[in-house]
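Given chain L, put chain X in place with the hints provided.
Residue-level listing of the chains:
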Amino acid sequence: MPDLQGGLEELLIGTVLAAVDGSEYGLAALQAAVRIAALLDAELRVLHVEDSDLLGLPSVPWIKEMDPLSGEIRQLQAVEVERKVRWESTRVRRALDRVLVHTQLRWSFSVTRGRVVSELLEAAKTADLISLGVRRHSLGLGPGSSARAVIEHSGKPVMMVWRGARMGKRVCVLFDGSPEALKGLALACRLTRDRDSELFLILDAPGEERARLVEAAASSLRSAEDAGAEISIVPREAAWKVACHLRRLACGLLVIPRAAMQRSEAVAAGIREGLECPLLILG
Amino acid sequence: MDLTRNSGDSLDVPRGLADEGKLYRRCDPEALTFETTADLEGSVAFAGQDRAAEAVRFGIGMRGSGFNIFALGPDDTDKREIVRHFLEERAGEEPVPEDLCYLNNFQDASRPKAVCLPPGTGRKLLGMMDRFLEELAPALTTVFESEEYQSRIQAETEQTTQEEQEAMEALQQETQEKNLALLRTPGGFVFAPTKDGEPIPPDALAQLSEKDRKKVEADIEAMQEKLKTIFLRLPKAKRELRERIRFLDRDMARTLVKDLLEEVRDAFGDNKDIQEHLDSIEEDVADNLEILKDVGRTGKGQEGEGAPLAGVPVGLGRATGGEAHWPVASEHPILRRYRVNVAVDHGESEHAPVVYLDHPTYQNLAGSVEYQPLQGALVTDFNLIRPGALHRANGGYLLLDAERVLLQPFSWEGLKRALQSRELRIESPGQMMGLMSTVTLEPAPVALDIKLVLLGSRRLFYLLAGLEPDFPELFKVEADFDDRMERTRETEELFAGLIAGAVNREELAPFRKEAVAKVIERSARMAGDSEKLSVRTRSILDLLRESAHWAEQAGADTVGPEHVQEAIDHSIYRAGRLRDRIQEEIERNTIFIDTEGARVGQVNGLSVLQLGNFAFGHPTRITARVRPGRGEVVDIEREVELSGPIHSKGVLILAGFLGGRYARERPLSLSASLVFEQSYSGVEGDSASSAELYALLSALSEIPLKQSIAVTGSVNQHGQIQPVGGINEKVEGFFDVCDRRGPSGEQGVMIPAANVKNLMLRDDVVRSILDGRFHLWPVETVDQGMEILTGRTMGAQEDGGFPEDTVNAAVESRLLALAETMRRFGNGSQETQPHA
Numbered sequence: 000m001p002d003l004q005g006g007l008e009e010l011l012i013g014t015v016l017a018a019v020d021g022s023e024y025g026l027a028a029l030q031a032a033v034r035i036a037a038l039l040d041a042e043l044r045v046l047h048v049e050d051s052d053l054l055g056l057p058s059v060p061w062i063k064e065m066d067p068l069s070g071e072i073r074q075l076q077a078v079e080v081e082r083k084v085r086w087e088s089t090r091v092r093r094a095l096d097r098v099l100v101h102t103q104l105r106w107s108f109s110v111t112r113g114r115v116v117s118e119l120l121e122a123a124k125t126a127d128l129i130s131l132g133v134r135r136h137s138l139g140l141g142p143g144s145s146a147r148a149v150i151e152h153s154g155k156p157v158m159m160v161w162r163g164a165r166m167g168k169r170v171c172v173l174f175d176g177s178p179e180a181l182k183g184l185a186l187a188c189r190l191t192r193d194r195d196s197e198l199f200l201i202l203d204a205p206g207e208e209r210a211r212l213v214e215a216a217a218s219s220l221r222s223a224e225d226a227g228a229e230i231s232i233v234p235r236e237a238a239w240k241v242a243c244h245l246r247r248l249a250c251g252l253l254v255i256p257r258a259a260m261q262r263s264e265a266v267a268a269g270i271r272e273g274l275e276c277p278l279l280i281l282g
Numbered sequence: 000m001d002l003t004r005n006s007g008d009s010l011d012v013p014r015g016l017a018d019e020g021k022l023y024r025r026c027d028p029e030a031l032t033f034e035t036t037a038d039l040e041g042s043v044a045f046a047g048q049d050r051a052a053e054a055v056r057f058g059i060g061m062r063g064s065g066f067n068i069f070a071l072g073p074d075d076t077d078k079r080e081i082v083r084h085f086l087e088e089r090a091g092e093e094p095v096p097e098d099l100c101y102l103n104n105f106q107d108a109s110r111p112k113a114v115c116l117p118p119g120t121g122r123k124l125l126g127m128m129d130r131f132l133e134e135l136a137p138a139l140t141t142v143f144e145s146e147e148y149q150s151r152i153q154a155e156t157e158q159t160t161q162e163e164q165e166a167m168e169a170l171q172q173e174t175q176e177k178n179l180a181l182l183r184t185p186g187g188f189v190f191a192p193t194k195d196g197e198p199i200p201p202d203a204l205a206q207l208s209e210k211d212r213k214k215v216e217a218d219i220e221a222m223q224e225k226l227k228t229i230f231l232r233l234p235k236a237k238r239e240l241r242e243r244i245r246f247l248d249r250d251m252a253r254t255l256v257k258d259l260l261e262e263v264r265d266a267f268g269d270n271k272d273i274q275e276h277l278d279s280i281e282e283d284v285a286d287n288l289e290i291l292k293d294v295g296r297t298g299k300g301q302e303g304e305g306a307p308l309a310g311v312p313v314g315l316g317r318a319t320g321g322e323a324h325w326p327v328a329s330e331h332p333i334l335r336r337y338r339v340n341v342a343v344d345h346g347e348s349e350h351a352p353v354v355y356l357d358h359p360t361y362q363n364l365a366g367s368v369e370y371q372p373l374q375g376a377l378v379t380d381f382n383l384i385r386p387g388a389l390h391r392a393n394g395g396y397l398l399l400d401a402e403r404v405l406l407q408p409f410s411w412e413g414l415k416r417a418l419q420s421r422e423l424r425i426e427s428p429g430q431m432m433g434l435m436s437t438v439t440l441e442p443a444p445v446a447l448d449i450k451l452v453l454l455g456s457r458r459l460f461y462l463l464a465g466l467e468p469d470f471p472e473l474f475k476v477e478a479d480f481d482d483r484m485e486r487t488r489e490t491e492e493l494f495a496g497l498i499a500g501a502v503n504r505e506e507l508a509p510f511r512k513e514a515v516a517k518v519i520e521r522s523a524r525m526a527g528d529s530e531k532l533s534v535r536t537r538s539i540l541d542l543l544r545e546s547a548h549w550a551e552q553a554g555a556d557t558v559g560p561e562h563v564q565e566a567i568d569h570s571i572y573r574a575g576r577l578r579d580r581i582q583e584e585i586e587r588n589t590i591f592i593d594t595e596g597a598r599v600g601q602v603n604g605l606s607v608l609q610l611g612n613f614a615f616g617h618p619t620r621i622t623a624r625v626r627p628g629r630g631e632v633v634d635i636e637r638e639v640e641l642s643g644p645i646h647s648k649g650v651l652i653l654a655g656f657l658g659g660r661y662a663r664e665r666p667l668s669l670s671a672s673l674v675f676e677q678s679y680s681g682v683e684g685d686s687a688s689s690a691e692l693y694a695l696l697s698a699l700s701e702i703p704l705k706q707s708i709a710v711t712g713s714v715n716q717h718g719q720i721q722p723v724g725g726i727n728e729k730v731e732g733f734f735d736v737c738d739r740r741g742p743s744g745e746q747g748v749m750i751p752a753a754n755v756k757n758l759m760l761r762d763d764v765v766r767s768i769l770d771g772r773f774h775l776w777p778v779e780t781v782d783q784g785m786e787i788l789t790g791r792t793m794g795a796q797e798d799g800g801f802p803e804d805t806v807n808a809a810v811e812s813r814l815l816a817l818a819e820t821m822r823r824f825g826n827g828s829q830e831t832q833p834h835a
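Chains as they are written, first to last, in numbering that gives the first Met the number 0: chain L, 0 to 282; chain X, 0 to 835.
This is chain L alone, in the form it adopts within the complex (with noise of 0.2 Å):
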């Protein structure tokens, strides 16, 4: 098992990437890639893609839009297209005035037209953490299809935040065992040291496993300085019990394994149903 400071010196996060469209969760996702960005003294990549795929759609006369509300079936406008698109760019340029109005961040923008993963993907090589927003109930099926792109080929950690989620000062780490959850635990002290912040521990293993991991993370936060943690242990199978948990804690931010994500759809629901927070992905 890795220490806790090498998962540190992994993890060192000179730049975030935000991937942001002008939907309220794509905004959301703005403010926290700022707040952390803040925190981990980084630099803020603020990227905004035109979907060139979508923009061509309109010459195709025959692939034509269906209104989820209504269920009716209408024609694609090209003009229309654009000047939705371009209200996105313009959407994305003032929040992004607002937001970093008193900061003293260094920051950049940038508008490409191209397809969407793999401008992300491009912009991903040169980021170390990707803050993306996402629709909350996307039909059922989790993140959309760009998100999980981003997931699965970045190979970096992927920030989701839905709307109205807001990034507060209590951490807490879903922890495995694994070394991204070592990763994540090395993150999260980072994030909440010289702060009036609070670390916590949610363990995720089955019974026999759990006092190793104790051991485990309490021996990392014992090489860390300053870092100290209140560990709560969560049975894995129960993912509501995780959300409850979550809220009665006021999460700020939730920082979880992929592969705890990958175990239990079931438990990746229930998570994303009921956090109000950010959610950071590792590995």
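Do not take every clue at face value.
[As the list claims (entries may be wrong)] Below, a list of computed lysine-lysine pairs in the DSS-like style, where the Cα atoms sit at most 30 Å apart:
#1 X:Lys271 x X:Lys257
#2 X:Lys415 x X:Lys475
#3 X:Lys210 x X:Lys227
#4 X:Lys123 x L:Lys63
#5 L:Lys168 x X:Lys213
#6 X:Lys194 x L:Lys83
#7 L:Lys124 x L:Lys83
#8 X:Lys213 x X:Lys235
#9 X:Lys177 x X:Lys194
#10 X:Lys194 x L:Lys155
#11 X:Lys177 x X:Lys235
#12 X:Lys227 x X:Lys214
#13 X:Lys225 x L:Lys63
#14 X:Lys225 x X:Lys210
#15 X:Lys177 x L:Lys63
#16 X:Lys292 x X:Lys112
#17 X:Lys225 x X:Lys235
#18 L:Lys83 x X:Lys225
#19 X:Lys213 x L:Lys63
#20 X:Lys227 x X:Lys123
#21 X:Lys227 x L:Lys63
#22 X:Lys177 x X:Lys214
#23 X:Lys415 x X:Lys112
#24 X:Lys292 x X:Lys237
#25 L:Lys124 x L:Lys168
#26 X:Lys214 x X:Lys194
#27 L:Lys63 x X:Lys235
#28 L:Lys63 x L:Lys83
#29 X:Lys237 x L:Lys63
#30 X:Lys214 x L:Lys63
#31 X:Lys648 x L:Lys63
#32 X:Lys194 x L:Lys124
#33 X:Lys756 x X:Lys648
#34 X:Lys227 x L:Lys83
#35 X:Lys21 x X:Lys756
No lab work stands behind these hints: they were computed from the structure. What you are looking at is a predicted structure, and each value in this text was computed from that prediction instead of being measured.
Below, chain X alone, put in the same frame as chain L:
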């Protein structure tokens, strides 16, 4: 009468009244059966109020409708204490009435329910409901975060989610099989053809063959239909899920609340109102579950979540700005509705209530609904209902000052309405007047069973009886309090008990029996009658307090007669500024008063000035002049409207006397004018009519009157002297004038003989009279008075005329001369004769 006279035509001044017992009736301390008031238990101050006490007892005992009591009489007779004594005596034997609680009406919050509970159980219910409120929100949170609940919800949700997911996965699968991708656009979704899993760029799509394009188009159309079906089914499935969860939540909440309220249900099992109220609470908790769960989790509510009370969404007690915090969970607006407002709590009572309300505003009397500001609006709920005195006294007795009730807007009308309907309704005066535009409450009425006692003056009682049509029906018992009582040996002892009671209640130093005797004598003086005692207990109480004060100043352990006298002297001195000014101006001859010699048509009358509680007498010069005329006596005071009707009546009587005695057979051919010299304000009363007659007879007879004698008393047409008021003050007023100038030994006051029983003169006046330095002449007729004032006999009528050298002869002779003058000037048409 102790009058003596020398024989012969010319009279010496008679000796006058010189019996000390008649000048000042003392109370013999030796006759009192105690040494100090500490030896007595003391009694309640209803000595001498037998009639009123009987009426109050009757009124209390009568339970019929309208047998409320009006206690009338002077304000300082301590009516209130006497009535309260009787009421408390009776109330002590009567049962404690029920508690009154107001509860939320879940059907219509603007009409709170009123519930009566056995005494002391209101607070018990309050305590139980407060415990319920403390437990409710946390218990809900615990239940709804329990494993069992979450498992059930998860099962329900998963069923729906799984169905959705399966449908979507099938759609995705089919989409992929047909080489399509589902893409999100700013306004919805589109299906786009793919190659190797990636959307085909639009320019490549344009190059598809007609056949391929048509196939793709058909596939897209089919998939759109399937997606549409899923979209349309999703809301319904979610709605059904929500409904299932809602039913589950309600069931669990009902079970929990039933369990939490079990103790209350058991304790109030026989009370249908409470049982129904608890049923309503169970339903209401189920209806407001989401808010309550939130309260349980965070102890605070979310903006705008307060369910409406009285039609207004309330957040009473909410802090301004930011999130709302409720220091006490039960203060949360959603929980306030489950509380109990114990409006009347008889938990500590041992008998029926006796309530005295000294500030009977409508709200204090009938209760009120208070408001609290919330974001610029005034809001209220049943917790803000405040009871009035009628609520607190319900089942017992209520005392009110009638005048204060009448002075307060709406109070009298509200009181009448409550007594007539025998119901208590709380209404807002502002609402009645249309002055308030905010939402208010209309609490359920409460049955009223009360005995009301109004305290007021006699004048007010008779005004109400005459002018208020409902008054006789509502106040059938009249308790008339007297302001004085008979003075006998027995009543003096009774009065001593009253004094002892007051001394003990006020925790004053004990009064020695000599001091008590002095207070009793002072009471007789206050009554203005040596044979009566004043029961104006407030004035007596003031005298006791002041006497005790002077005793304390002197370092005495007990109060003696000297301290009582000191208190009397000081109170007179404090109030006597104007009296001293008048005396001073008389001494300086600014106000003309002769106290020596004799004058024609001039006499010293006596007036009394009442300033607050202090009265004093002083002499006033009265003069008369005559001339030929038609028999009228002109009262100059009346001519200039400075006299009252009683005074004018007295003057007109004089003409009757003159006509009856001197002009039976012929017209009275004189014109006389009478005036109170140097009087610049109104004159009322007929107590100077004898003095005016003496001045008139002197002016007619031209026989001078002695200025050393002052006169008081009214006169009738037959020349009888009638009693008047303020006799002691008048005698003392003239004595003080003479005393300042140096007594001549001839000065004194002529009083009606019927006033001798009223004498309770100052000690220095009594001593001067007994020493012969001042005199008091009681007279019964004008003739007796004229003889004292002139030193000449009046002369009895013989053979149609009066003996020569008598006053009557001189008057008759002058009247004849005036009649002759009138005749000569032709039926009195010319009035140019010189004045007499």
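Hint-by-hint comparison with the structure:
1. Distance hint between Lys271 of chain X and Lys257 of chain X is fulfilled; the C-alpha atoms sit about 16 Å from each other, no more than 30 Å.
2. A hinted pair counts as satisfied when its Cα atoms are at most 30 Å apart, and Lys415 of chain X with Lys475 of chain X qualifies at roughly 14 Å.
3. A distance of roughly 26 Å separates the Cα atoms of Lys210 of chain X and Lys227 of chain X; the hinted pair therefore holds under the 30 Å criterion.
4. Annotation: proposed proximity of Lys123 of chain X to Lys63 of chain L is violated, straight-line Cα distance about 70 Å (limit 30 Å).
5. About 56 Å separates the Cα atoms of Lys168 of chain L and Lys213 of chain X, which puts this hinted pair outside 30 Å; it is violated.
6. Pair hint Lys194 of chain X plus Lys83 of chain L holds up; C-alpha atoms about 27 Å apart against a cutoff of 30 Å.
7. Between Lys124 of chain L and Lys83 of chain L the CA atoms are separated by roughly 29 Å; this keeps the pair inside 30 Å, and the hint holds.
8. Restraint check for Lys213 of chain X and Lys235 of chain X: not satisfied, since their Cα atoms lie roughly 34 Å apart, outside the 30 Å limit.
9. Our distance criterion of 30 Å between C-alpha atoms is met by Lys177 of chain X and Lys194 of chain X, whose separation comes to about 10 Å.
10. Of the pairs offered as hints, the one joining Lys194 of chain X and Lys155 of chain L holds, with about 27 Å between alpha carbons and a cut-off of 30 Å not exceeded.
11. Annotation: proposed proximity of Lys177 of chain X to Lys235 of chain X holds, straight-line Cα distance about 28 Å (limit 30 Å).
12. Only pairs whose Cα atoms come within 30 Å are accepted, and Lys227 of chain X paired with Lys214 of chain X is accepted, the gap being roughly 20 Å.
13. Restraint check for Lys225 of chain X and Lys63 of chain L: satisfied, since their Cα atoms lie roughly 15 Å apart, inside the 30 Å limit.
14. Distance restraint check for Lys225 of chain X and Lys210 of chain X: the Cα-Cα separation of roughly 23 Å lies within the 30 Å cut-off, and the hinted pair is therefore satisfied.
15. Proposed proximity of Lys177 of chain X and Lys63 of chain L is supported: the alpha carbons are some 17 Å apart, at most 30 Å.
16. Under the criterion of a C-alpha separation no larger than 30 Å, the hint pairing Lys292 of chain X with Lys112 of chain X is consistent with the structure, at around 27 Å.
17. Only pairs whose Cα atoms come within 30 Å are accepted, and Lys225 of chain X paired with Lys235 of chain X is accepted, the gap being roughly 16 Å.
18. Of the supplied pair hints, the one linking Lys83 of chain L and Lys225 of chain X holds, its CA atoms being roughly 27 Å apart against a limit of 30 Å.
19. Taken as a hint, the Lys213 of chain X and Lys63 of chain L pair is honoured in the structure, with Cα atoms around 14 Å apart against an allowance of 30 Å.
20. Among the hinted pairs, Lys227 of chain X with Lys123 of chain X is inconsistent with the structure: their alpha-carbon atoms are about 61 Å apart, more than 30 Å.
21. Between Lys227 of chain X and Lys63 of chain L the CA atoms are separated by roughly 13 Å; this keeps the pair inside 30 Å, and the hint holds.
22. Between the alpha carbons of Lys177 of chain X and Lys214 of chain X the distance comes to roughly 10 Å, so the proposed pair stays at or under 30 Å and holds.
23. For the given pair, Lys415 of chain X sits about 24 Å from Lys112 of chain X by alpha-carbon distance, which is consistent with the 30 Å threshold.
24. Among the hinted pairs, Lys292 of chain X with Lys237 of chain X is consistent with the structure: their alpha-carbon atoms are about 21 Å apart, no more than 30 Å.
25. For the given pair, Lys124 of chain L sits about 29 Å from Lys168 of chain L by alpha-carbon distance, which is consistent with the 30 Å threshold.
26. Between Lys214 of chain X and Lys194 of chain X the alpha-carbon distance is near 15 Å, which keeps this suggested pair within the 30 Å criterion.
27. About 25 Å separates the Cα atoms of Lys63 of chain L and Lys235 of chain X, which keeps this hinted pair within 30 Å; it holds.
28. Pair hint Lys63 of chain L plus Lys83 of chain L holds up; C-alpha atoms about 16 Å apart against a cutoff of 30 Å.
29. Taken as a hint, the Lys237 of chain X and Lys63 of chain L pair is honoured in the structure, with Cα atoms around 27 Å apart against an allowance of 30 Å.
30. A hinted pair counts as satisfied when its Cα atoms are at most 30 Å apart, and Lys214 of chain X with Lys63 of chain L qualifies at roughly 15 Å.
31. For the given pair, Lys648 of chain X sits about 116 Å from Lys63 of chain L by alpha-carbon distance, which is inconsistent with the 30 Å threshold.
32. A threshold of 30 Å between alpha carbons decides the hint, and for Lys194 of chain X with Lys124 of chain L the separation of about 25 Å falls inside it, so the pair holds.
33. A threshold of 30 Å between alpha carbons decides the hint, and for Lys756 of chain X with Lys648 of chain X the separation of about 26 Å falls inside it, so the pair holds.
34. Between Lys227 of chain X and Lys83 of chain L, the direct Cα distance comes to roughly 24 Å. Compliance with the 30 Å bound is thereby established for this hinted pair.
35. Simply put, Lys21 of chain X and Lys756 of chain X have alpha-carbon atoms about 7 Å apart, close enough for the 30 Å limit, and the pair holds.
Violation of the numbered hints given earlier is confined to hints 4, 5, 8, 20, 31; the remaining hints are satisfied by the structure.
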